[in-house]
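Asks: Start from the sequences, fold in the hints, and give me the full structure.
Chains as they are written, first to last, in this note's numbering: chain A, 1 to 268; chain B, 269 to 535.
These are computed hints drawn from the structure, not numbers from a lab. Just so you know, not all the hints are guaranteed correct.
Computed, partial: chain B to chain A, Cβ under 10 Å [said to hold, decoys possible]:
#	residue
1	Val299
2	Ala340
3	Phe353
4	Glu360
5	Ala370
6	Ala381
7	Leu455
8	Leu459
Label-pair restraints from in silico Cβ distances [to be verified]:
#	chain 1	residue 1	chain 2	residue 2	range
9	B	Arg410	A	Arg110	29 to 39 Å
10	A	Gly172	B	Arg491	24 to 34 Å
11	B	Asp331	A	Asp170	31 to 41 Å
12	A	Arg124	B	Arg464	51 to 61 Å
Here are some, though not all, of the chain A residues that point toward chain B, as calculated from beta-carbon distances under 8 Å [stated by the list, open to error]:
#	residue
13	Ser69
14	Thr125
15	Glu175
16	Ala176
17	Met177
18	Arg178
19	Ala182
20	Gly183
Virtual Cβ for every residue (Gly too), placed ideally from N, Cα, C.
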Amino acid sequence: MSGASAQAPRRWRPAPRIANPWLRRGLWVLAVAYVAFAVADMEFDVERFISGIPRGVDMVASMFPPDFSRWRLLVDGLVESLQMAFFATGIGLVLSVPVAVAAATNVAPRWLYALARVYIGLSRTFPEVLIAIFFVKAFGFGAFAGVLTLVVASTGFIGKLLAEEIEAIDPGQVEAMRATGAGPAHVLLFGVAPQVLPRFVGLMIYRLDINLRESTILGIVGAGGIGAVLYNSFARYEYDFSMAILLAIIAVVLVAEWFSGYTRARIT
Amino acid sequence: MLTIDKLTKTYADGHQALRDCSFTVPGAQVVAVIGPSGAGKSTLIRCINRLVAPTRGHVHLGDTDLTAAGTAGLRDVRRRIGMIFQEFNLIERLTVMENVLAGRLATVSFLQAFLRRFPAGDIDRAFELLGRVGLDGYENSRADALSGGQRQRVGIARALMQEPELLLVDEPTSSLDPKVARSIMGLICELAGERRIPALINIHDVGLALGFAQRVIGLNGGRVVFDGAPEAVDEAVLTRIYGADEWRDAFRQEGGEDMLAAGGAAS
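Replies: As C-alpha cells, this is what we get:
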C-alpha cells in the first residue's frame, strides 16, 4: 500500500500547439477583441432587418411562376455564355502550358520562373469580375471582354496547378531523357508531359466547369453572356423572368458539375 | 576509348565525391566499379556524360573532350553514350515501344517526336532489340505494367537504341531480386560484348562484379583505390575498398550464393 501511494500517479497532457505561453494567451486576447470589434462594427439594426423580411418575401413571391415566355432572349444569353466558356477554356488551355512550364522551378531558368510567378500571382489576385471590368473598359462591352477575362483567369489557374504537378514529377525520367542527348523541348515532350498529362486533362475539365459558372456572371459588368440579361431583368423588376434565368443557370451548372465529376473520375 | 584524367567533383555543400580519379578504358571492356555507399560511384558515371558537372579534370571519349563540350556538343556526346539506371527511369505512362524509341530522341525533330513518327529504320531496329532482350510482343504494353526485370530489359534496349560508343550503367540490379539481377547483369555484359561497346557498371554486389566484369575498379572516398583484374581481388583488396570487415557484410547481403564461387581466393 505504502509503495503504491508514495508514488504519485504519473500525469500526461498533450503539449500545447503553441509553445510560447505569451503568444498562446496573446492570440486568445486578439481573438476575443476581434469578435467584440466585429459585433460592434456591424451596426446590426434589428428594425431594418425585420422590415426587410416582408420585402424579401414579396420579391421571392413575385418570382413565381417563373416566366419562360421570353425564352429566345434567355437562350441567346445562355448560348453566348457557353460559347465564351468553351472558347476561353480552349485558348486558356493552350496558353497555360508555357505558363506552367515557365513557373516550374525544376524545368525553368530562374528569371523565367520569377516572371511566370508574377503573372500567375496577378491573374489570381483579382477576382474574375474585376478583371472583366478592366477589359470592358479597355475593349468595350460584349463577349470579347468576357472571353479575355476567362482566358487570363484560366491561364493563371491551370498554370499554377500544372506547375506544381511538374515540380512533383519523378526526376529520373527527365534524367534518362537528358542522357539520350535530347534537347530541352524533346525532354519536356517525353520526360515531363506523360507524367503530368492526366492532371492536365483533369484541370481542363475542372476549369471548364469553373468557366461555365463564371460566364453566367460576367454579363453583370457588361462582359457578355446571360449575366446581362439577368441584370436587366432585376433592374426592370421582372422577377419572374429573373427566376427563369436563374433556373436555366442552375441547370447548366449542374450539368457541368456532373460532367466534370464523371470525367475526372475516369482519368488515370 | 574512354580516358578519365584527374576527375574531381566537389558538391556545393563542400562534399568531395571524387578526388583525382584517373583511368582508361581502352576498348570493348566491361568494367565494374565497386565501392561502399557514398564512395562516388554514381557521381563518377554522371560526371562522364555531365548529368553532374565535374569540378576539375577531363573526360575524353575518342577524340572528343566531354568536359569542354558546349550545349550542342554535349547533346551529341550524350547521344553517343547509353545509360542504364537503377530505377530503370522508364517513361511509365508510355508504351514499351515509345520507351525504346526514346533512345533516338536526339535524332528526330520535335514534330516527329510529338507524332511518334520515327524513321522506319529505327522502328525496325527497336523491334529487333526488343526481341534480343526477350520482350517480343511487348511493344504495346505500358511500361508501368511490366515487372522489374522486364523494365530493366526495356532500359537496356533504350540505351542500345542510341547505338552508343559507351555504356554507363548505374546499379542495374539493385532494384531486382538476386535471380533476376544475375540474368540482367548477364544480358548487359553479353550485349556489350557482342556489340563491342565498352561498359562502366556501378555495382555494389561484389559477387556479380567479380563474376561478370573483365576489370574491376574500386572506389573509396572518391579515390580509385584498386584497378585490376577480377582474379586479383582478394581479401586485402576488398579491405582496401570497403574497409576492414565491411566487405564481408557486402557479400552476405548481396550475393550469398556467390560467396563460395568468388570468394574462393579470398578465404
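Asks: Evaluate each hint against the coordinates.
Replies: Comparing the hints with the structure gives:
1. Val299: 18 Å, violated
2. Ala340: Since chain A brings a Cβ to about 9 Å from Ala340(B), closer than 10 Å, the hint holds.
3. Phe353: 6 Å, holds
4. Glu360: 7 Å, holds
5. Ala370: Interface hint status for Ala370(B): holds (5 Å vs cutoff 10 Å).
6. Ala381: Holds, because the Cβ-Cβ distance from Ala381(B) to chain A comes to roughly 6 Å (cut-off 10 Å).
7. Leu455: Violated, because the Cβ-Cβ distance from Leu455(B) to chain A comes to roughly 18 Å (cut-off 10 Å).
8. Leu459: 17 Å, violated
9. Arg410(B) <-> Arg110(A): 29 to 39 Å: 35 Å, holds
10. Gly172(A) <-> Arg491(B): 24 to 34 Å: 28 Å, holds
11. Asp331(B) <-> Asp170(A): 31 to 41 Å: 36 Å, holds
12. Arg124(A) <-> Arg464(B): 51 to 61 Å: 57 Å Cβ-Cβ, so the 51 to 61 Å window holds.
13. Ser69: 52 Å, violated
14. Thr125: Thr125(A) check fails; min Cβ-Cβ to chain B is 34 Å, beyond 8 Å.
15. Glu175: 6 Å, holds
16. Ala176: Given a least distance of 4 Å, the restraint on Ala176(A) holds.
17. Met177: Hint holds; Met177(A) Cβ to chain B Cβ min 7 Å, cut 8 Å.
18. Arg178: Hint on Arg178(A): holds, closest Cβ of chain B at ~6 Å, below 8 Å.
19. Ala182: 4 Å, holds
20. Gly183: Holds, because the Cβ-Cβ distance from Gly183(A) to chain B comes to roughly 6 Å (cut-off 8 Å).
Violation of the numbered hints given earlier is confined to hints 1, 7, 8, 13, 14; the remaining hints are satisfied by the structure.
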